[in-house]
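J.: Next come the chains, spelled out residue by residue.
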Amino acid sequence: MTTYVEAIQKHVVLPLEKATNRIFTQTYNPFYYHGALPNLFLWVLFVSGLLLLVYYQATLATAYDSMKFITYEAPFGNAMRSLHRYAADGMMLFVLIHLFRVWFTDRFREYRILPWITGVILLTVMFVVGLTGYMLIWDADAVALTNITVNLLHAVPVIGNGLAGFFLGADLSGSALITDYTITRILVLHLGIPMFMMFMLWMHYLRITRPVTNAPTGLVFLMLSGLALFSAAFPVVLGEAAPPNFNVALDPITFDVLYAWPHQLGVAGWDPALIWLLTLAVPVGLLIVPYLQKKAMRGQFAQVSKDNCTGCSLCYADCPYEAITMVERNDGSRFKKLSIVDPARCANCGLCVGACAFKAIDIPRCDSKDVLAEIELALANQ
Amino acid sequence: MTATPASDLAPADSSTEQNPPIRIIGLVCERSVELENRLNNDDRLLDDPSVKIITVPCSGIIQPIMMETSLKKGAKGCFATGCRMGDCHYREGNKFLQERLLGKRMPKLKPSVNKHRIEAYWLSAVEYDEFRDLIESFQATVDRVDADDAAAS
Ligand code: HEM
Ligand code: SF4
Ligand code: SF4
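Protein chains in written order, with this note's numbering: chain B, 1 to 382; chain H, 1001 to 1153.
These aren't lab readings, by the way, just hints derived from the structure by calculation. Treat the hints with caution; some may be incorrect.
Claimed, not checked - Chain B regions said to be covered by chain H (calculated; three or more residues, Cβ under 8 Å):
1. 22–30
2. 310–320
3. 355–369
Claimed, not checked - Straight-line C-alpha distance at most 27 Å; calculated BS3-like pairs for lysine-lysine:
4. H/Lys1110 <-> H/Lys1072
5. H/Lys1104 <-> B/Lys337
6. H/Lys1072 <-> H/Lys1115
7. H/Lys1108 <-> B/Lys337
All of these numbers come straight from a predicted model, not from anything done at the bench. Think of the CB as a built atom: it goes at the ideal place given N, C-alpha and C, for glycine as much as any other residue.
Could you build the full structure based on these sequences and the hints that come with them?
T.: Structure below.
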């Protein structure tokens, strides 16, 4: 029976990649660097963000003016701002491509559950980083975003007022209104969460041997020049100044759909409870999805023959999912080490079999000795 | 392509008897080029029954010795297929096999093996036409190598 994943892979993903291979060749196909490209944009964000921070001032009175200075006067200020903006969109776009690709090529469950779960966490916090970034500008749109956020936080049952208070910095200011402390909190979130993301990325790669975090130079060049050209063609402009009273109702506005779609629903007058439900349905749904499919492997994993293993470590070097450890052996064998497979991490892929020259490791669904026997039998019959 | 599909030659149950001798052995990753409905009862290609297919879960499981054995036991050529470079389901299987065949990763293909009789193709499940063309040109290569070898001896 074909699963929906197999169907999408065969009818959408593979034909699409066949077409992109014609343009990029398989060496530079961006779809094959779905994990590396978000990393590239992340680096652009770090560098451009650091330079923006040189001139940014996180106070209610000066934030907007400092953005004005960055946008129109500071050397390369507009370039950095535009790069930062479009790299954020690029990162979200490629993370979504990454997400859908690992999902619809069946690379998202069983022994890959750790990267999937940490990925969902990364996606969720990225969202907050983008959102707080738009708030820091402190133009009319930013103030609207901040107000809608405060309203949404207040609407959370039981802890809502606490959350809104934390976001506003009410613990320091003693006020339930937007103050200088609020903008500092926003900045702390915008800078602190990326540090947490570095930790999450470390976990993301924990069970992946040699994660492909860098795209080939040609593709990096293409992406960066695309980003630069886009920034030059559509330099970011500064929105209108916010009205002096930050807590007034605002005209309908359009936010960045990638980062602020829940807020857009808020502008459209949706009920906060419904917005929360919809927003939370994304990560919760993504966390459930791997468990909706039948296991492919049914607990199978690579088997090591104690008699044949020489402890050469070639399987250990090649295993793509960190499933093999080499342990000291003192069972009277003349060899010093033995290969041990962790069943929970093993993909049942057989890369260790290809690496072993001593017929010492095999996967149950395809024994290397059977393959050799099949070759010999086929050729012996003629 | 000169071969007639085996399905035209024989009723399905006795197809083995009608198959020509095996010239080429193909070790094919089950996720690369899709051969469902392309093989006869004896796992020969319907488009070219002198090619015997052995399916494996990933090209990364293929040991060079499997390809060496194919040639030693009488096949005129042996090829492997894996997914497109960059798209191995298990991340690195095709890359490692390629490196083994090029002599850059242990265990390596024996240097004494005639490299013209060994090929590897990186194709996705939806690229059967490309696959068939590659097999056709491999047959031609093998013919040439056979002729060279005959001339040399
Ligand atoms: C900050 C954003 C992210 C970055 C920079 C990132 C980066 C990467 C990289 C470099 C790899 C290794 C690819 C390889 O070498 O095969 C990877 C694997 C993976 N990522 Fe992400 N990722 C991000 C977000 C996500 C998200 C949002 C998800 C899904 C919810 C996700 C799910 C996965 C999975 C399941 C794998 C394992 C794929 C495999 O084993 O073939 N990642 N990621
Ligand atoms: S490659 Fe084979 S012999 Fe070497 S350590 Fe692994 S199982 Fe043992
Ligand atoms: S089959 Fe071998 S190479 Fe593949 S994950 Fe398991 S131990 Fe690692």
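J.: Work down the list of hints and note, for each, if the structure agrees.
T.: Hints and how they fare:
Three residues within the 8 Å Cβ limit are the bar, and the segment 22–30 of chain B against chain H gives 3, so the coverage statement holds. Restraint check on the segment 310–320 of chain B versus chain H: 3 residues with Cβ-Cβ distances below 8 Å, three needed, restraint holds. A count of 7 residues in the segment 355–369 of chain B with a Cβ less than 8 Å from any Cβ of chain H is obtained; the coverage claim is therefore met, three being the minimum. Between lysine 1110 of chain H and lysine 1072 of chain H, the direct Cα distance comes to roughly 12 Å. Compliance with the 27 Å bound is thereby established for this hinted pair.
With a C-alpha separation of about 24 Å, the suggested pair lysine 1104 of chain H and lysine 337 of chain B falls inside the 27 Å cut-off, and the hint holds. Of the pairs offered as hints, the one joining lysine 1072 of chain H and lysine 1115 of chain H holds, with about 13 Å between alpha carbons and a cut-off of 27 Å not exceeded. Restraint check: the Cα-Cα separation between lysine 1108 of chain H and lysine 337 of chain B comes to about 22 Å, which is no more than 27 Å; the hinted pair holds.
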